[in-house]
Amino acid sequence: MSQRVALAAPVAVALALAAYPVVASGYEVRATLQIFMWIVLAGSWNLISGLTGYVSFGHVAFFGAGAYAGAILISKAGWPWLAAALVGGGAAVLLALVIGYPCLRLKGPYFAIAMLGLNEVLRALVSYFEGLTGGGNGLSLPTLDATVPIYYVMGLTAVAVTVLTYLIITSRFGLRLMTIREDEVAAEAMGIDTARHKLYAFLLSAAGPGIAGALTARDQGYIEPISVFPLATTITMIVMVLFGGKGTVWGPVLGAVVLFVAQEVVWARYPYVHPLLFGALIVAVVLLMPRGVLGILQVRYRLPRTI
Amino acid sequence: MATPVLDIDRLRKRFGGVTAVDGVSLRLEAGRIYGLIGPNGSGKTTLFNCITGVERRDEGRVVFGGERVDGLRPWEIAQKGIGRTFQVIRVFPELSALENLLVVTRDRLAAARERADRLLRFVKLDGLRDEYAGNLSYGQQKLLEFVRMLMRDPTLILLDEPAAGVNRTLLNDLLEAVRQLRDRGKTILLVEHDMKVVMGLCETVFVLDHGEKIAEGAPGVIQTDERVIEAYFGR
Amino acid sequence: MNVVVTPAMLGQVVISGILSGALYAMVALGLALIFGVMRIINVAHGPLLMLGAYATYFLSTALGINPYLTVPVSMAMLFVVGVLLERTLVFRVVDAPELSSLLLTFGVSIALVNLAQLLFTSDLRSVEYLTGAWVVGPFALSKSRVVAFVFAGALTGLAFLFLGRTKLGKAIRATSQSREVAMVCGIDVQRIHLVTFGLAAALAAAGGALIAVIVAIQPEMGQIWTFKSFLVIVLGGAGNYPGALLGGILLGLIEQVASLFLTTQLSEVVAYVLLVAILLVRPTGLLGGRQT
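Residue numbers (this note's numbering), protein chains in the order written: chain X, 54 to 360; chain E, 1116 to 1350; chain W, 34 to 325.
Keep in mind that the hints were calculated from the coordinates and are not lab data.
A portion of the hints provided could be inaccurate.
Per the computed footprint, the stretches of chain E lying under chain X, defined by three or more beta-carbons under 8 Å from a beta-carbon of chain X, are [stated by the list, open to error]:
1. 1199-1208
2. 1211-1220
3. 1262-1273
What follows is a list of derived Cβ distance ranges for each label pair [stated by the list, open to error]:
4. E:1174 with X:224: 50 to 60 Å
5. E:1154 with W:151: 33 to 43 Å
6. E:1250 with X:213: 50 to 60 Å
7. X:326 with W:170: 50 to 60 Å
From the three backbone atoms N, C-alpha and C, an ideal C-beta is built for every residue, glycine too.
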């Protein structure tokens, strides 16, 4: 019974969201599109950091890399946006391979700090290759109103990331990722090739943000370094996952919905206080409820990890 | 003499100015139980860590089953057939008892499950298979760590203080399990402080002091060795 | 690429590299101390440097104090900030999984940067003092950079004297060797953590104060310093304090040499590629060090 509900509820929500653009206003569609984007970003961050415990402080880099790859293909090579979005995802995965291979072989904070610096580097590179990227002047895409189709593709990406998370968490691959978080030395002594597992998780976690970046670039029609590489985006996805519950399937979804709505309704009135609050929120969650909302429920009511 | 299972040749490991393992050579043969003893800080755990690749040795060779394994990563060494437990228990606390075992093998899931179930029954933990490992008692975690190490069916088993913090009944079960493994042809090397355990179980004992092997032999012989007595009771 | 490098240019590069390298070394020493003693990487190290820079800016512009006289004041202020941070927040995650300490100090760093934006705005601010350069033979030595070098060298020297000669400093080094042994020897490890964190914040503040005289400051200036300090530690070998000095000088030199061939825009890219390349080839650092 409960299993049927567990399956029926997301399907019903998905159907309702699929029909939503028919009745909703332009603003409402855009807002929902944004929620989809945050589910993609938070869910992806959860795949590497929530499962393995290796913190990525620069996940927005994959969003930005996807945005530039997609925008360049659309504006300079005339690619259709859907194909460009997929290549955007691919570009992000490639970038993750270049960074992840050297940094994830090591224990300790190397990976976290390397990701902290990645953003600055990409920004500098975008400014340097001005001919291709437009540098600080940004890059304009040909005019096209594709918000509704992008809504669907972003929604599907969000579903894909969430389903992927479910599949990973219920597999032995996912359990092995968790052993890295629990005790990496013991995991290695038991014969688990932790470096390879971390790398795979990292590559998977880069694809979604890359696609989301390219889709966002297409939807907004114009990108510049500050708009696609803001540190605030990384902070927001981290806060969403920590709040919802890292290492769970629905935690990132819950965090994305709740914090996005809160951001729109409450904090939009205090734009300067809002990032300060996010910093404080990270500190508070780490100290007071490190498992997040769903993690607490999971432990208290002995729920499976797949919530 | 048969080819040894493990052949350690003049292994050396330094930390800063301290030489933790100083040119130790050991040979272990199949189907025997070996003990490794020595005062605190004599390099026993460091030696374990060098064998299993947790620490990189500075000099010397470790040959396992005729193949050099020094310089390999820990998981490669584990995959070749060296299993170990830790001095401080290291189970995966937020994985269930069953999951703690399942993650270890690459066998097909059905086969892995069967083996895991059998091992959990072997140590009477089958009733707790879905409990988080972190919620188990100390003794239960110790048993879980022991059978987790057996999931890969290792040929060489390194036990770091199996008797520490374990009650009599549990200890007897563990020792019996170790003997059974030996009878099935496994080689066991254990670090232990409890001399009764070492003397009752091991066929050959190695003694380390300040990173050097100072004695090697049958338990009875070791007990009367002057250098060993000196190392333990001061000079 | 058509770059002709004359000996004079090379000399200039070496001088500039050493001048900025000393600053890198001093700031990185703070991060290295916290890492060595508490086993955590303080992501907020750079933002603490930023606060030190603002302290000097306000003390020298509002109160008219000579900016170089404010260096000890900003160090003292940030020492207190560091101690408070450790006592209220950081001590709670010292033994927690790495994820917790990284996220916590990251949260603190975000909060500090945004607090600074709220209080000081994002405007660029500069301390107008000691502009221009001394010309020695074919070389031009920026005055503020030379003074910064002297300060950084002296303060780093003092820090090493403190670590090597005083009882407290020896206790800090003992704790970073092995916390268990330190506790057995009767060292109050909690207090050592507190002092180390304060000292590290003070070193960062000194860096910020000196930088404020060299370039214009703004709230986001700090983050790159966390990254560069970490890079210095990796260059020098983690857990190896003298290594941090060499690492700092090395980073300064590499950046300057790179600036001969590339635009300064790419100096951060160079530093980054360097980090990734070292981790790929020699993960224990160029100069070796304790593996963790």
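The hints, checked one at a time:
no., hint, result
1, 1199-1208, "holds (count 6)"
2, 1211-1220, "holds (count 4)"
3, 1262-1273, "holds (count 4)"
4, E:1174 with X:224: 50 to 60 Å, "42 Å, violated"
5, E:1154 with W:151: 33 to 43 Å, "59 Å, violated"
6, E:1250 with X:213: 50 to 60 Å, "34 Å, violated"
7, X:326 with W:170: 50 to 60 Å, "54 Å, holds"
Violated hints, in rising order: 4, 5, 6; the structure is consistent with all others.
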